[in-house]
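Enquirer: Line by line, the protein sequences are chains A and B.
Sequential numbering of the first sequence, starting at 5, is according to this note's numbering.
Sequential numbering of the second sequence, starting at 9, is according to this note's numbering.
Since the hints were derived computationally from the structure, they do not count as laboratory data.
Wrong hints could be hidden among the right ones.
Unchecked claim - Simulated pairs of lysine-lysine, DSSO-like, Cα-Cα distance not exceeding 27 Å:
{"no.": "1", "chain 1": "B", "residue 1": "Lys376", "chain 2": "B", "residue 2": "Lys345"}
{"no.": "2", "chain 1": "B", "residue 1": "Lys215", "chain 2": "B", "residue 2": "Lys504"}
{"no.": "3", "chain 1": "B", "residue 1": "Lys88", "chain 2": "A", "residue 2": "Lys296"}
{"no.": "4", "chain 1": "B", "residue 1": "Lys196", "chain 2": "B", "residue 2": "Lys88"}
{"no.": "5", "chain 1": "B", "residue 1": "Lys157", "chain 2": "B", "residue 2": "Lys515"}
{"no.": "6", "chain 1": "A", "residue 1": "Lys296", "chain 2": "B", "residue 2": "Lys196"}
Residues per chain are reported as follows:
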Amino acid sequence: MRKIERFSVLEYFVRSLFGILAIVLLSVIMLIAAIFLLSDQPLTSIASFFAGPFSSLYAIGNMIDHAVPLAIGAVGIALAMRSGNMNIGGEGQVYAGALVTTIVALALPGWGLTGILVALAASMLVSGSVATLSGWLRERWNVSDLITTFLLSNIIILVVDYMVAYPFVDPQTNLISTRFVDPSYHLLIILPPSQLNIALCIALVCVLVAHLFLYRSRTGFELRMVGDNEEFARYAGVDHRLYRILPMTLSGALYGLGGALAILGTYHATIKGFSAGMGWNALLVALIARFKPAAIIPAALFFAYIDAGARSAMFYSDVTYEIAYIVQAVIFFLISSSILQRIALGRRRV
Amino acid sequence: MTAAVRMKSITKIYPETQKRANDQVDFTLLPAEILSLAGENGAGKSTLMKILYGLISCDSGEILVHGQPFAHPSPIEAGKRGIGMVHQHFMLVEEFTVTENVVLGEESTAPTGLLDRRQNRQRVAALIEKHHFSLSPDDRVMSLSVGQKQQVEILKMLMRDVNILILDEPTSVLTQLEIDSLFTTLRKLQSHGVSIILITHKLHEIKNISDRVAVMREGRMVGVYETAEVSEEDIARAMMGDEGLSVVRKERRQLNLDPVLSVAHLSLIRHNQDHPLLDDISFTVHPGEILGCAAISGNGLGQLESVLLGNLPVSSGEILYHDEVLTSVHHTATTRKRGIPFVPSDRLFTGCSLSAKVSDNVIATSRKRFFPPFNVSRKEIESYTSHLIETYGISATPSAPIGTLSGGGIQKVILAREIERIRDLIICCEPTWGLDVNSTAFIHRQIVQLRNDGVGVLLISSNIDEILALADRLLVFSRGSVSARFSASQMASLTKEELSPFLLGKKRMEVEGA
């Protein structure tokens, strides 16, 4: 029998919160240790790392702007994971969403808001379909979604790279990039001079809707039932096959949306490899948030803060951006091992 | 004579609950005896044995093993002292062979430092030979039956020269034949000088196998008896305290209404099986009666449940709810969609979601009522759950994960949930499996109450006492087919002895449909 320790709900909450905080704290300690090892002027580096992201409205705005696609992607991951599915193809799905939006915007110049909506819908449709395919393969032939999402993502990255480098390349720049979309497609900036734009509102809405969907709707309830115990869900008459596909569709669509908003809000063109890391980082954000929508906002902000800190430290002192990767790796390691959380919950064995 | 184990004034308080799981418990195990440690769920018997095996430490008290103090117990130390424990849920590597499992940690190695496969195999084969187990050293554990896996666990202990063997609920997963063979093994071990402790709450097994029985209740040792000198009722009374045995009394009802559930010529054939898993099963359930389906496990009850649940497609035949076809060759799984109340036999993994809240488990089978299709407030859900908890006397809070409840508590939640949706039919599979006497009595009362209220009850159970106490009519299954049918008038005088040849498949009744 699986042992389940007896805790009050509050105690359970506090202990799991402690687990997360311990992970965050440990990774920050690792970061400081790494800076002392790598930097000749460690105090300057540390100061610019931690204070840099808050040095100006411009820095703050850009930091939050970076958190937006991560949060949206993480919401998708949370939906997939809570239903017992896996979507680790975020890299390709974000990239595809970005390219599709760019293509629509370039094809329909001057359409304004209508064009934006069409572009977002198209990117969600394409990325959602890709993830749906993985869900369907699992439902139909029990092919591991872990493998199909990852492999399909790699293919998509290569296809998008080709599209950006050849059919849609802008010959007038030195970058491998598409042309820029026209200004009627640019999202409204809400904190000038930074790039923070109304995509932030969309991210907040996504989080809120996902929360209500999971906890306040029948479909969300059934989705969680399937994720918690598929056997039980089947017994209770839930169509478990639907929940192998629907959450995948949603997670793919949200990745696509994240990529699309990054284009319309921040980059305004698909630059080759611009989104590298976004898919993985969104997965990491979802992991830190333990797949709870409400926790995704702070998790995404923390993640963006580490990223901005590394950029700032790179700019003002002698450390390189790779310092951020060290922190990310530490977090990834700690979370996937879950040791701290398990110790905090008093579980030695599962 | 030195006692094999002597535990003196053992006290253990769990910090999480502040509950005295063991309160000044004294316990003695004599050399080469079989002792049953009896008590209801939560009486403290597992705690006491975990302390002896070194899995947890006690707050105060003293332990002597063969007269020597056992000061710093741990499973490793316990192993050195010759104490072994077979857990209720086996700790085996499924992909390994019997040999590999048995020698794990005690492997013979060749001079090169590599595993000496031949010698390992020989050691295990010799041990199997000595104890007459029905195992081959080269079988993979995953291909073994539950009874054989238990034998592998016991072999592991024997390989380590265990002379004090603790078995936690060893019979809960076994068929009657496997239980008989386990008891033969235990007696043989006893004759080799091994002292054995059986943790159990099955009264007839206590009577059957043990020399002495130690009874615990609410963390205290309430009595130690020579088994020959006490009756099952005496032991039950000691286990339950003053509440006494609540006997379920039945008032028979004769009702001639149309059946609520009809199963007609149901067969289930699998190509790799030499006989049908279900062979031309027909029966009807009428309002206001309990139809019992009894069998020794492994004779088709599990398949019948799977078919009723819609987990297995049938090969022929159909299942009707009133006149509506629920399951036939053409469609399955509609039983659950139709929302027929169902208490599944596997309560932990089919009947509930352990990590989900009690309230979420309670509304899981009436989702449309609570999410039509949205519900912004959880108040209704919480208050409905509180209402059920109160009505059925379950000790739980709505927001606690259901996995934190006892087995009896979980089953009460499942039963309450299903009873609340009843229209005229409920299907109950092994409803009291592994539960203590009080929870069992509670569930039996509920089932009889339902029948008296005019509900049709299909009771599928391998617990023969339960079937005899509850069923108005009875079907006996053997090797997937119906070997006997007993009508309401025959049930009144039916005894276990009359039933057993049909259960064992030694006799079959030739009767027209019932």
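Enquirer: None of the hints should be skipped; say for each whether it holds.
Expert: A quick look at each hint next to the structure:
1. Using a Cα cut-off of 27 Å, the hinted pair Lys376 of chain B and Lys345 of chain B holds, with the two alpha carbons roughly 12 Å apart.
2. Restraint check for Lys215 of chain B and Lys504 of chain B: satisfied, since their Cα atoms lie roughly 17 Å apart, inside the 27 Å limit.
3. Restraint check for Lys88 of chain B and Lys296 of chain A: the C-alpha separation of about 47 Å exceeds 27 Å, so the hint is violated.
4. Straight-line distance between C-alpha atoms of Lys196 of chain B and Lys88 of chain B comes to about 23 Å, which keeps the hinted pair within the 27 Å bound.
5. Of the supplied pair hints, the one linking Lys157 of chain B and Lys515 of chain B is violated, its CA atoms being roughly 30 Å apart against a limit of 27 Å.
6. Distance restraint check for Lys296 of chain A and Lys196 of chain B: the Cα-Cα separation of roughly 56 Å exceeds the 27 Å cut-off, and the hinted pair is therefore not satisfied.
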